[in-house]
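Numbered by my numbering, the letters in the sequence shown go through residues 83 to 336 in order.
Just so you know, the hints here were simulated from the structure itself, not pulled from any lab data.
One or more hints might be untrue.
[Claimed, not checked] Straight line, CA to CA, 27 Å or less: simulated DSSO-like cross-link-like pairs of lysine-lysine:
id, residue 1, residue 2
1, K146, K311
2, K250, K166
3, K139, K126
4, K151, K126
5, K151, K311
6, K217, K146
7, K217, K166
8, K200, K311
9, K139, K166
10, K200, K139
11, K146, K200
12, K217, K151
13, K250, K200
14, K126, K329
15, K200, K126
16, K146, K126
17, K250, K311
18, K200, K151
19, K217, K311
20, K126, K166
21, K217, K250
22, K166, K151
23, K166, K146
24, K200, K329
[To be verified] Each pair of labels, with its calculated beta carbon distance range:
id, residue 1, residue 2, range
25, I334, R201, 35 to 41 Å
26, E127, G298, 35 to 41 Å
27, S316, A158, 26 to 32 Å
28, G148, N257, 28 to 34 Å
29, Q326, Q261, 27 to 33 Å
30, A142, Q291, 40 to 46 Å
31, K126, G148, 34 to 40 Å
32, D315, L124, 21 to 27 Å
33, W140, D248, 18 to 24 Å
34, S322, F122, 26 to 32 Å
35, S305, G128, 29 to 35 Å
36, K250, W327, 21 to 27 Å
37, A215, K329, 16 to 22 Å
Glycine residues also receive a C-beta, built at the ideal position from the N, C-alpha and C atoms.
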Amino acid sequence: MFQLRKNCFSLTIVILAFAAFGFIELKQSQSSTTIGRINFLLGKEGDVTIRRVNDTKWLAARFKMGVLKGDQIKTAAESRCEVKLNDGSIIRIGENSVFDFAESNLSKYARQVDASLKRGKIWANVTRSTGAANKFEVKSPTAVCAIRGTIYRMEADSTTRVAVYDGKVDVGPTNDLRQQLQQQTRPGAPVQVPGPTQVPGPFQVSLDQWVQLVQGYQLEVRSNGRYAKTQIDSLSESRSDWIQWNKERDRILR
């Protein structure tokens with residue numbers, strides 16, 4: 083009888099050891115893929131949802147919920163979501179938006195973020211990276227933004243709008259837009275030749291190369307690749323609840 087109890091006790095210890103080992107492995111796996119956490123939510127329950135990679139279900143987002151590589155976040159009307167990434171960068175997602183952390187990896191020594199704004203608007207406050215490997219790109223249907231240490235906003239619908247408030251952002255065409263522009267200028271296609279003194283106006287130049295935006299400037303890219311670069315209109319922005327709210331959040335989080 084004593085021997086049976088001893089054997090059962092030993093078996094229990096083995097089972098608990100394996101369970102603990104599995105739990106540790108699971109926690110390590112989860113922490114290795116977590117790229118950030120939800121830091122702020124605005125809206126009713128279920129207004130902000132998150133979909134894990136390779137899953138079809140949209141889950142209600144929760145405060146301090148972990149965000150994983152490949153997650154998509156969707157917001158309804160009058161809702162907002164703030165994600166704080168592991169490197170301290172902040173991504174805020176406005177209402178009626180879909181944002182995808184497609185290929186995102188953040189570690190102490192490297193930052194590789196390849197995200198996309200499917201539709202809607204975001205505000206990004208991106209920290210400066212000290213690692214050797216540093217890539218932080220956000221794309222829309224028509225443009226790609228390469229970011230370093232920057233505060234900027236991006237909107238995507240039928241056009242893409244990018245405005246820079248601190249630092250610099252390089253804006254270039256997506257692969258789809260680049261192919262579209264190349265087809266338009268293929269051999270044999272009619273080409274307009276401007277006069278010797280003609281100066282291109284807004285939306286007369288195609289985004290076939292990278293354009294650098296500095297603080298105080300904004301860029302609008304149309305679906306046909308035509309773009310216009312202008313100074314930010316401070317008066318217009320002062321009337322935007324979205325912009326003023328983001329600036330206030332940035333001040334709070336300093």
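Broken hints, by number: As far as the earlier hints go, 1, 5, 25, 29, 31, 33, 34, 37 are violated by this structure, in ascending order.
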